[in-house]
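Can you build the whole structure from these sequences, using the hints too?
Protein chains in written order, with the numbering used here: chain A, 1 to 255; chain B, 1 to 306.
What the hints contain is simulated information worked out from the structure, not anything from laboratory work. Note that the structure is a prediction, hence the values are computed from the model and not measured. The beta carbon of each residue, even a glycine, is placed where N, CA and C say it ideally should be. What you were told as hints is all true, and nothing was included just to trick you.
Simulated crosslink set (DMTMM-like; lysine to aspartate or glutamate; CA at most 25 Å straight-line): (1) Lys-215(A) / Asp-2(B); (2) Lys-67(A) / Glu-297(B); (3) Lys-207(A) / Asp-98(A); (4) Lys-67(A) / Asp-143(A); (5) Lys-215(A) / Asp-162(A); (6) Lys-207(A) / Asp-162(A); (7) Lys-215(A) / Asp-33(A); (8) Lys-67(A) / Asp-111(B); (9) Lys-207(A) / Asp-33(A).
Partial list, computed: chain A residues near chain B (C-beta under 7 Å): (10) Ser-28; (11) Phe-30; (12) Ile-75; (13) Met-238; (14) Phe-252.
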Amino acid sequence: MQAALPPPVPGSAAVSAALTETNVRVNSDFRGDQIVLYGAVFDPAQRPSDVVVIVRGPDQPVRIARKSRVAGLWINSRPVVFQGAPGFYIAASTRPLDDIAHFAVLRRLEAGVDHLAMHAPAELRTETRYGVRDVVVSSLGADYLDWRNAVVRLKTAEHLYDVDEHGVRFVDRGLFRAEIPLPAEAPIGQYQVRILLFQGGQPVAEKDRTLTVEKVGVERGLYLWAHRRPWSYGLAAMAFALAAGWAASSAFRRD
Amino acid sequence: MDLYLPIAEVSVNAPLLVALGALVGFISGLFGIGGGFLMTPVLVFLGIPPAVAVASMSNHVAASSMSSVLSYGRKRAVDFRMGGVLAAGGAVGSVAGVELFRWLRLLGQADLVVALSYLIFLGIIGGLMFWESVGAILRRRRNAPAPPHRDRRPPWLYGLPLKLRFPRSRLYISVIPPILLGAFVGVLSAIMGVGGGFILVPAMIYILRMPANVVVGTSLFQIIITTALTGVLQAGRNQTVDILLAALLLVGGVLGAQLGARASSRFRAEELRALLALIVLLVGLRMGLGLFFTPHEPFVLMSGNG
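Structure (structure tokens):
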């Protein structure tokens, strides 16, 4: 029995979790999916625990532009590329992240959309400031945060980024459940699911799971054909289109 | 019934797309235009990535034009020689257009150029056509005689070298104007995701002075060749042709085009032109006026990596 063990030392708490589905199959009737995650917190001392579940899709560089008014017209600026942005990101937790841990901890774990380590390397340059050489500055200048926030805002509007402050619920003592909504626009690839256990503002245990989103069946066949042999795909698609037009015309001729 | 598109990577409502394809196909058959200028904006509005919408439209436009051109061909209303000359220019134009579009996307200015092209070309063509056709309708109502036909053909057009006989159009003109016209329409086809009928038809009537009965069929014939080339180029260069999207649109599109081609004989030509002019004007204004309003979201995500 647990009671027979010596008194717990910090760090002895553990977390365990499993996804009800580890393979999301994207076929012709795919309309998004709801991934359910169950997990348990093992802590003999039963200290107050918080659980954060972070689902992160494959990285996709983001190109973003800002509109500005030129001679009465709203025109895009030169696009800025942000590297390190995930194609999909959800942080679900038992409480608001800021209540669970401090800024520095969240930043280190990349927990929450504000803490994602994305940056625009092409906009960076080094210069000498206040006599210090090689200071890295961004040519986006003071607007840098506006740009970064815009990436998060636009991705959130597409349901690709989300922060769910009450997305993890304890359903029984030590047993928790989380639901991750996956939109139809979610990128294809390997997703990392990280389950973090927080106690007293510090992460004390973690578990990693993976989730695969892959195209199957006809969808996969067409996608691979279009990308591996684009010219034969293009010719076949056009031949099919012309044949369909010809068939319809002959069908209508005999009536 | 929703369907996930493998290249566009979005889920769409299949019956809605079939219905849209049929509606645009009907308009296409009625006026002898590809209908791309209507369909591309609607697809983008439905959430299809613009690059995929523009490229897949080529397949759809080629299919519905194929279905109507055969009906026109049986009525001997296609000038194949003129269509071939136009298409030769169109081939050069569409190759240049696909490359130009890649370059514009790299600069992030593709949206601007597309919106401005819609506003300028649809605005001018729609305005001119509307003015001319309303004038014709009013004259007929008042039983006024048609204005004296200016038979003096512009010398700059007919004085050019490389003359060729076009028996079906009863023309003997230089091939240079049709080739330039075809090339211009080819560029627009790649940039705007259109066949270019809305420019070709008026240009053939007012500049080349072709007889009205062969204009529509010939324009469709040229559009098939240009869009077939654009579609294959877009698939090969940009991998943006979604065959499932094109198939959904053309199921409705080919049927609609048949009905449209039949219905066209029941209307007077000037009434048809007035209606088309209104549609063209509305789409151009809808696409282009957005540039003048303050956007509620100043930032915009660009698809693809250039």
